[in-house]
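Student: As a plain string of letters, each chain reads:
Number of protein chains: 2
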Amino acid sequence: MRIVLDAMGTDHHPEPEIYAAVEAVRRWGDPIYLVGPRDVLAPRLEAYPDVRDRIHIVHASQVFCHGEKPGQVLRQKPDASMAVGIHMLKEGEADAFVTMGDTGGALAYALLILGRIRGVRRPALIAPVPTRAGKYCAILDVGANAECKPEYLLQFGLMAAVYVEHLWGRENPQVGLLANGEEPTKGTPLVQEAHRLMAASSLNFVGNVEPKEVFAGEVDVAVTDGFTGNVVLKTMEALTKLITDALKEGLTLSWQTKLGALLAKSGLRRMKSRLLDPVEIGAVPLLGVNGLVFIGHGRFQGPAVLSGIARAREAVAMDLVGKLRDRIAASLTRQKVEASG
Amino acid sequence: MRIVLDAMGTDHHPEPEIYAAVEAVRRWGDPIYLVGPRDVLAPRLEAYPDVRDRIHIVHASQVFCHGEKPGQVLRQKPDASMAVGIHMLKEGEADAFVTMGDTGGALAYALLILGRIRGVRRPALIAPVPTRAGKYCAILDVGANAECKPEYLLQFGLMAAVYVEHLWGRENPQVGLLANGEEPTKGTPLVQEAHRLMAASSLNFVGNVEPKEVFAGEVDVAVTDGFTGNVVLKTMEALTKLITDALKEGLTLSWQTKLGALLAKSGLRRMKSRLLDPVEIGAVPLLGVNGLVFIGHGRFQGPAVLSGIARAREAVAMDLVGKLRDRIAASLTRQKVEASG
Numbered sequence: 001m002r003i004v005l006d007a008m009g010t011d012h013h014p015e016p017e018i019y020a021a022v023e024a025v026r027r028w029g030d031p032i033y034l035v036g037p038r039d040v041l042a043p044r045l046e047a048y049p050d051v052r053d054r055i056h057i058v059h060a061s062q063v064f065c066h067g068e069k070p071g072q073v074l075r076q077k078p079d080a081s082m083a084v085g086i087h088m089l090k091e092g093e094a095d096a097f098v099t100m101g102d103t104g105g106a107l108a109y110a111l112l113i114l115g116r117i118r119g120v121r122r123p124a125l126i127a128p129v130p131t132r133a134g135k136y137c138a139i140l141d142v143g144a145n146a147e148c149k150p151e152y153l154l155q156f157g158l159m160a161a162v163y164v165e166h167l168w169g170r171e172n173p174q175v176g177l178l179a180n181g182e183e184p185t186k187g188t189p190l191v192q193e194a195h196r197l198m199a200a201s202s203l204n205f206v207g208n209v210e211p212k213e214v215f216a217g218e219v220d221v222a223v224t225d226g227f228t229g230n231v232v233l234k235t236m237e238a239l240t241k242l243i244t245d246a247l248k249e250g251l252t253l254s255w256q257t258k259l260g261a262l263l264a265k266s267g268l269r270r271m272k273s274r275l276l277d278p279v280e281i282g283a284v285p286l287l288g289v290n291g292l293v294f295i296g297h298g299r300f301q302g303p304a305v306l307s308g309i310a311r312a313r314e315a316v317a318m319d320l321v322g323k324l325r326d327r328i329a330a331s332l333t334r335q336k337v338e339a340s341g
Numbered sequence: 001m002r003i004v005l006d007a008m009g010t011d012h013h014p015e016p017e018i019y020a021a022v023e024a025v026r027r028w029g030d031p032i033y034l035v036g037p038r039d040v041l042a043p044r045l046e047a048y049p050d051v052r053d054r055i056h057i058v059h060a061s062q063v064f065c066h067g068e069k070p071g072q073v074l075r076q077k078p079d080a081s082m083a084v085g086i087h088m089l090k091e092g093e094a095d096a097f098v099t100m101g102d103t104g105g106a107l108a109y110a111l112l113i114l115g116r117i118r119g120v121r122r123p124a125l126i127a128p129v130p131t132r133a134g135k136y137c138a139i140l141d142v143g144a145n146a147e148c149k150p151e152y153l154l155q156f157g158l159m160a161a162v163y164v165e166h167l168w169g170r171e172n173p174q175v176g177l178l179a180n181g182e183e184p185t186k187g188t189p190l191v192q193e194a195h196r197l198m199a200a201s202s203l204n205f206v207g208n209v210e211p212k213e214v215f216a217g218e219v220d221v222a223v224t225d226g227f228t229g230n231v232v233l234k235t236m237e238a239l240t241k242l243i244t245d246a247l248k249e250g251l252t253l254s255w256q257t258k259l260g261a262l263l264a265k266s267g268l269r270r271m272k273s274r275l276l277d278p279v280e281i282g283a284v285p286l287l288g289v290n291g292l293v294f295i296g297h298g299r300f301q302g303p304a305v306l307s308g309i310a311r312a313r314e315a316v317a318m319d320l321v322g323k324l325r326d327r328i329a330a331s332l333t334r335q336k337v338e339a340s341g
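Chains as they are written, first to last, in my numbering: chain A, 1 to 341; chain B, 1 to 341.
It is possible that some hints are incorrect.
A pair counts as met if it fits within one copy or between any two copies, since identical chains are not told apart.
[Stated by the list, open to error] Calculated lysine-lysine pairs in the DSSO-like style (CA-CA distance at most 27 Å, straight line): (1) Lys149 - Lys323; (2) Lys186 - Lys241; (3) Lys69 - Lys212; (4) Lys135 - Lys265.
Please keep in mind that the hints were generated in silico from the structure rather than gathered at the bench.
Go ahead and model the full structure; you've got the sequences and the hints to work with.
Tutor: This is the structure:
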């Protein structure tokens, strides 16, 4: 299995990436292709003689930075590490690309270099959210498309169903449409029309869902547009941090609370395991582009980057792109048959 | 001060409402107008001889229930407790109306009976969210308008600025526009155009904000459309519950964690005080209608209903409707001057 890792994605690049590359080789044995400036990477890798021969540096002279405009990436930064890594997918020289770099940049390079899976209108970013039931619910789009059409949302549902079925083992996954109420009349015109399309599709569609159903684990997939999904995901991240910080602050208030926290340690650990853990998730795939592109947070350290590689390996193993291709093709055939019938 | 309380709003009506009415009279002395079926309310009030003469029953023969269609409320339920209570505002017989009933119903009755403040395009529901800074940030619209236009969002900002200035004492409040990124180019066309309008307005506008800025307390007001705001607020409620439930579960895992929790009690209480507390909030005002209408949760018990009355009293005391009227009028004058200049 050939994983390409962008060495320049995290805020502290390339150290977290080098950690992840080294550990990935030690753990799984397969080589890692590390993309970035050779003069930066080569000396650092000398410290790991046990895996040095299985970490292949792929030279890239440029870096696409967080917050840069992704408008004309290929013209302005044709040799960015992201571009070089994604080109390897395109050329069949690698199976998946993992980056902690800018989402907009990765999306732009992926679209320009790989293009979309045949029939896919828009790619989408999918993210897992923790639920009361102890399992994840997948939410998408969490940021690839601020502006969506109803057909995009239907396709997001189809792609996510493939994802949770094959990566999480959910049979006939339940798909909901995120809305401000359960009735089909709720929501914006976009939501109302997407509801109609999804209800008429091959999806196991349960209708509109509110956040409480999502967190209760009542659906496997929650579909929304990339603006709402992004704001919701960021709300979750920020609120989880607010609450856990307030807990930390409370538990360090006095020697008595500190002793209490020490005694309750196993319980606090259990609590933490029920929350969104970005480190465990590592990276999420960009569904719908013609190749496996996984994107994580720029602020990540080595262990989270390693998790990102783990997620990419799972997707390679079950041929995620091939399965998405089949489902989208089947859906288009179904639509054609219905249109002609 | 004359507060009208819908006796039939909570899921367990009218007990929580009667508790709140009794306690309100005991606390503030002013009479409470309790709207609902006389035969249901009168016998229950006999148990409170100390305040009985200051709780005035206003008879209403119907109830608008949670989840009912608010389409033709006035024709179908002209004598609902909500309708009767809001009519009292219209007739100048009361200063504020408080209900834990259905939001859509309250909105429909308020619009039909009171109408909007002159110049206001759409009313909005405003809600406080807790922040790291220990103070609230106001977010709106959290559910009155799923579908918004840029001008609505500008007006939401103006109305919220009045609200946080006069009710929370924030001078020259900072207003942000909730978005999926800080750059003005981010967001949907709605957000981009609202950004332009707000930047050109009299608001102390700080531009787009992401949830992490909201939770950091970097703005006093976060403006969004009623679909996004509703989903974000419900995400916050559901996630706060998920995390606090996971904490409870963890802390009751064994005798050791239970002992730890006991020792850490003051710290846990401190933590809880930093979170969203619907009971303390009680009810939120519908900004932009021509009268003070406060709406709370149907699941609330007596103390939360009492908080709702407290919030309404604060708004009456500072003449919220009058101040909103002035700000909207000034904004319209400003727009006219600019258009003619």
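Student: Checking against the hints above, which ones are violated?
Tutor: Hint check: nothing fails, all pass.
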